[in-house]
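Peer 1: The residues making up each chain are set out below.
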Amino acid sequence: MMHGLFDTTIQTLDKALELRSQKLQVISSNIANAETPGYAPMRMDFEKSLQEAVSGPESGQVRTHQNHMPAAGGKDLSDFQASFYRDYDRSGIGDRNKVSIEQEMVDLSENQIRYEAAIQMLNKKFSMLKLVIQERT
Amino acid sequence: MDILGVMNIGSSGLRAQTIRLNTISSNLANIETTRTPEGGPYRKKSAVFTTESTGFEAHLEQGRPQTAQGVSVQYIRTDNGPGKMVYDPSHPDSDENGYVEKPNINLAEEMTDMIRARGSYEANVTAIKSAQRMAMKALEIGR
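So the sequence lines, in the order shown, correspond to chains U and B. Under our numbering, the first residue of the first sequence is numbered 1, with each subsequent residue one higher. Under our numbering, the first residue of the second sequence is numbered 1, with each subsequent residue one higher.
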């Protein structure tokens, strides 16, 4: 099926970049508060729900007749939001701070790698677009 | 923008850890100090951390509960616990029994605290670097 110029892939990657930079902020907040007494690290979850939103039913324009132009664009992801929750320490010992600096560093580098991967895919997508819109004789 | 928010949070962490290192080095420098302006031996100081909001502007802009917070030093706590009593009758600050009250500072404790402060500082630097790298990558989109 035909999509608009900026299809679901670009929309999804765009959303992923936004969420990744938001996640970076959450992780850096956890790192900064790694030794604040009573701080419960914030967790941000979106991978699964974003996948569901992308593979879910299409919203917006719907083709009502087969002779009509195909509906442009795929999903409307602009309202998609990640879920946040605090990971409280229930061990009852120490200063009730549950930040694990190792875990945060792993999350940090994973987040960065995935962000860069999304950018590379965006770049590939754009270079394909550029290729097809260039008129060569 | 989120990336700048990360920079602010990271630098709040750097600031807090620097203040913590300052108190540690103050404790180490005064480990033998028996006279202070307040009277008595030097007392161990420690920095107490608290979460810091990202500011009114960001709060207003987002209009949703805060998910990311920086850190700041709430106050410098003075430990008023008893000091070490050392027998040294020749010391000018010794009492009638020949004991001198030395500061309540544990050298090993200060050294481990110092290593942890440095580790936290480095972790914050890594977060800032990550933000910077991501921002530079984002500038390359479509190039």
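Since the hints were derived computationally from the structure, they do not count as laboratory data. Mixed in with the good hints there might be a few duds.
Unchecked claim - Calculated cross-link-like contacts (lysine to aspartate or glutamate; reagent style EDC-like; alpha-carbon spacing at most 16 angstroms): (1) B/K129 with U/D14; (2) U/K124 with B/E140; (3) U/K125 with B/E140; (4) B/K137 with U/E116; (5) B/K137 with U/E18; (6) B/K129 with U/E116; (7) B/K129 with U/E110; (8) B/K137 with U/D14.
Claimed, not checked - Not the full set, but computed from the structure, chain B residues with beta-carbon under 8 angstroms of chain U: (9) E101; (10) A127; (11) Q132; (12) R133.
For glycine and all other residues, C-beta sits at the position ideal for the given N, C-alpha and C.
Peer 1: For a C-alpha distance cap of 16 angstroms, please report whether B/K137 and U/E116 respect it.
Peer 2: holds, 7 angstroms
Peer 1: Can the hint on B/R133 be confirmed by a CB-to-CB distance to chain U that is less than 8 angstroms?
Peer 2: Hint on B/R133: holds, closest Cβ of chain U at ~7 angstroms, below 8 angstroms.
Peer 1: Within a Cα-Cα threshold of 16 angstroms, do B/K129 and U/E110 meet the stated pairing?
Peer 2: holds, 14 angstroms
Peer 1: Does U/D14 sit within 16 angstroms of B/K129, going by the straight-line distance between their CA atoms?
Peer 2: Between B/K129 and U/D14 the Cα gap is close to 22 angstroms, so the pair fails against 16 angstroms, i.e. violated.
Peer 1: Measure nothing beyond the straight line between the CA atoms of B/K129 and U/E116; if it is 16 angstroms or shorter, mark the hint as holding.
Peer 2: Given pair B/K129, U/E116 holds - Cα atoms ~14 angstroms apart, limit 16 angstroms.
Peer 1: Regarding the hint that B/A127 lies at the interface with chain U, is the smallest CB-CB distance below 8 angstroms?
Peer 2: Check passed: Cβ of B/A127 comes within 4 angstroms of chain U, closer than 8 angstroms.
Peer 1: Has the given pair, B/K137 with U/E18, been kept, meaning a C-alpha gap of at most 16 angstroms?
Peer 2: Roughly 13 angstroms between the alpha carbons, so the hint for B/K137 and U/E18 holds.
Peer 1: Taking the least C-beta to C-beta distance, is B/E101 closer than 8 angstroms to chain U?
Peer 2: At about 29 angstroms, which exceeds the 8 angstroms cut-off, the nearest Cβ of chain U leaves the hint on B/E101 violated.
Peer 1: For the pair supplied as a hint, U/K124 and B/E140, is the alpha-carbon distance within the 16 angstroms limit?
Peer 2: holds, 12 angstroms
Peer 1: Does the CB of B/Q132 sit less than 8 angstroms away from some CB of chain U?
Peer 2: violated, 11 angstroms
Peer 1: Starting from U/K125, check that the Cα of B/E140 is at most 16 angstroms away, please.
Peer 2: holds, 13 angstroms
Peer 1: Keeping to a limit of 16 angstroms between CA atoms, is the pair of B/K137 and U/D14 held or broken?
Peer 2: Given that 16 angstroms is the threshold and the Cα spacing comes to 14 angstroms, the pair holds.
Checked against the numbered hints above, the structure violates hints 1, 9, 11; every other hint is satisfied.
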